[in-house]
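Engineer: Could you build all of it, start to finish, from the sequences and the hints given here?
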Amino acid sequence: MASNSYAAVMARRDEILERSLGIDYTGLERDGGRFDHEALMATAGLELDGIRQVQRDSGVGQTPLVELHNVTELMRREAGHGKGARILVKDEAANPSGSFKDRRASLSAHHASRAGYAGMIAATSGNYGAAVASQAAHYGLRAIVIQEAFDSCGRGQPEILEKGRKCETLGAEVIQTTVGPELFYLLLRVLEETGYFNASLYTPFSIRGIETLGAEIAEDTRALCGRDPDVVLATHAGGGMVTGTARGLRAVGAEHTRMVGVSVDLTGLHMASDRAFNRKSFTTGHSGFSIPFTSWPDRVDVPRNAARPLRYLDRFVLVTQGEVFFATELLARAEGLERGPAGNTSLAAAIPLAAELDRDQVLVISETECTGAGKAPTPQLAFAAEMGVEVRNGAREENRPGEVISIPLSLRELGITPVDLDRLRSSYLKKAMAAPGAEAPEAQAFVAEDLGFGVEDLAALSA
Amino acid sequence: MTVAGGTRVAVRQRLLEPHERAASLPADTAALPYEALVRGILIEPAEVGAQATIRTAAGRVLMGQLEDVEPADTHSFGRPPPALVAVDEAISEVLRRFREQP
Chain A
1 MASNSYAAVM ARRDEILERS LGIDYTGLER DGGRFDHEAL MATAGLELDG IRQVQRDSGV
61 GQTPLVELHN VTELMRREAG HGKGARILVK DEAANPSGSF KDRRASLSAH HASRAGYAGM
121 IAATSGNYGA AVASQAAHYG LRAIVIQEAF DSCGRGQPEI LEKGRKCETL GAEVIQTTVG
181 PELFYLLLRV LEETGYFNAS LYTPFSIRGI ETLGAEIAED TRALCGRDPD VVLATHAGGG
241 MVTGTARGLR AVGAEHTRMV GVSVDLTGLH MASDRAFNRK SFTTGHSGFS IPFTSWPDRV
301 DVPRNAARPL RYLDRFVLVT QGEVFFATEL LARAEGLERG PAGNTSLAAA IPLAAELDRD
361 QVLVISETEC TGAGKAPTPQ LAFAAEMGVE VRNGAREENR PGEVISIPLS LRELGITPVD
421 LDRLRSSYLK KAMAAPGAEA PEAQAFVAED LGFGVEDLAA LSA
Chain B
1 MTVAGGTRVA VRQRLLEPHE RAASLPADTA ALPYEALVRG ILIEPAEVGA QATIRTAAGR
61 VLMGQLEDVE PADTHSFGRP PPALVAVDEA ISEVLRRFRE QP
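First to last, the sequence lines map onto chains A and B. So for the first sequence, my numbering puts the first residue at 1; every next one is plus one. So for the second sequence, my numbering puts the first residue at 1; every next one is plus one.
I should point out that these hints are in silico values taken from the structure, not numbers from a laboratory. Glycine residues also receive a C-beta, built at the ideal position from the N, C-alpha and C atoms. Each hint should be verified, as a subset may be incorrect.
Listed next, the stretches of chain A that the computed footprint assigns to chain B, with coverage defined by at least 3 CB atoms under 8 Å from CB atoms of chain B [to be verified]:
{"#": "1", "region": "316–329"}
{"#": "2", "region": "381–393"}
Chain B stretches covered by chain A per the calculated footprint, using a threshold of three residues with CB under 8 Å from any CB of chain A [claimed, not checked]:
{"#": "3", "region": "14–22"}
{"#": "4", "region": "25–34"}
{"#": "5", "region": "48–62"}
{"#": "6", "region": "66–79"}
{"#": "7", "region": "87–98"}
Structural biologist: Here you go:
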């Protein structure tokens, strides 16, 4: 029997991944550290219309686009003359398991079923687990969800516990671990043991499943507002929603829509720390993922990340935990939509960003997510307070991740912290140039494309 | 306490001892073992705290230390913290004025 030591399992990584994904990543590699991104995306085996069909068959997508009339009007009262874009939101909570993650799980489940896998596995503490469990149930597959759930005192964030409960209700086995990056090691072990499909968040199946979201946003906005969205806001972590949504927008001709990524600012909290683990109120969509993943997308659980956020991001901003809680209460009381809170990360940024735009412009928030026991603001904030985090009212600047959650009391206090995309591009470029053959023209062209601009800009960036 | 076979339980598995863990962990995490909890149906009678074998929802049979019997989901909606109550009051007041003077 093969050894299950950390080193031994990690040494078998490539073969386990190849068997559990059925994608020949090695064959897509090119000289100079490049790979063929479009060929990778094509391995999903379906184009937009086919993806729509698969999702329609499993009840995924076709969610309502809702105009937030009251939030828009409240924002306009604080905006300058002639300012204040219409704010709309795609109510992704209407998906079968309550979030846009059903789009990501749907093609994986469809593929796993057709390819003869008996089940599928995902390592996630987010809504994706329930999506995998739900889609597996639809296709008659078995499902295993591995969650990083508990600190060494056995305490689990209520949001994660609720997601675990939901996975079990949908028929999945849930493995709940203590804190640590060995989540990947355990994923490999269980993939090897079961022979199930690896429903990673970063495969072409997962990312292309989101293209329908971008396409629907463009089509629904045209129907409702008579124009393309001027700006789409997507909550940003591993780059999936930014990449998939932007590709979907482009696929239906919304060429001029600007894509803005939004993350919760958790600067300073170490993501692998047992102590810090329960001192954050957001398990994803935060800067602890989005900053490192944007500057180096391939630090994921598959050989190449199908999500390449720098190709598609026009702007990247951070909001505070307190602002997201405020936005969640505002959405409930002003619009009658109890959602989130994590899915309201983009809503928090939408209010100040819409105030910068003209009144005839349209801003679309790409998602809502379901809420419930454990997930709602009350249990999350009560838990934060139990963990020694001070929960108070105050300005956005007073938020200190892991120490203070400062919730504003009015809409005019909402703001954004810009992230310098060129700084992230420089960091990417430095790593990319370390690959043998990176100076070759083809390699330079790939890097420029992956950074979302022309080869001529590379020199300026390195300067 | 002996738990009857067929009972839904949670078992704890110790996957890696501290010295077996990944390199470059923060000091607090590196000092701890890497463990997992899994729920399933107990296959044969077992003592709480002893090794036990379960069948999971995915049909896997695995062994671990029997930790919890008929494990409950106890997370809730909790007690609203004052700072959140203040936000709700403030929003309600803005909306009241907004609706009076559209």
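Engineer: None of the hints should be skipped; say for each whether it holds.
Structural biologist: Comparing the hints with the structure gives:
As drawn, the region 316–329 of chain A meets chain B at 3 residues by the rule of a beta-carbon pair under 8 Å; at three or more, the given contact holds. A count of 7 residues in the region 381–393 of chain A with a Cβ less than 8 Å from any Cβ of chain B is obtained; the coverage claim is therefore met, three being the minimum. Residue count for the region 14–22 of chain B with a Cβ under 8 Å from a Cβ of chain A: 5. That meets the three needed, and the coverage hint holds. Against chain A, the region 25–34 of chain B contributes 7 residues with a C-beta closer than 8 Å to a partner C-beta. That satisfies the three-residue criterion, and the hint holds.
As drawn, the region 48–62 of chain B meets chain A at 5 residues by the rule of a beta-carbon pair under 8 Å; at three or more, the given contact holds. Counting residues of the region 66–79 of chain B whose C-beta lies closer than 8 Å to any C-beta of chain A gives 6; at least three are required, and the coverage claim holds. Counting residues of the region 87–98 of chain B whose C-beta lies closer than 8 Å to any C-beta of chain A gives 8; at least three are required, and the coverage claim holds.
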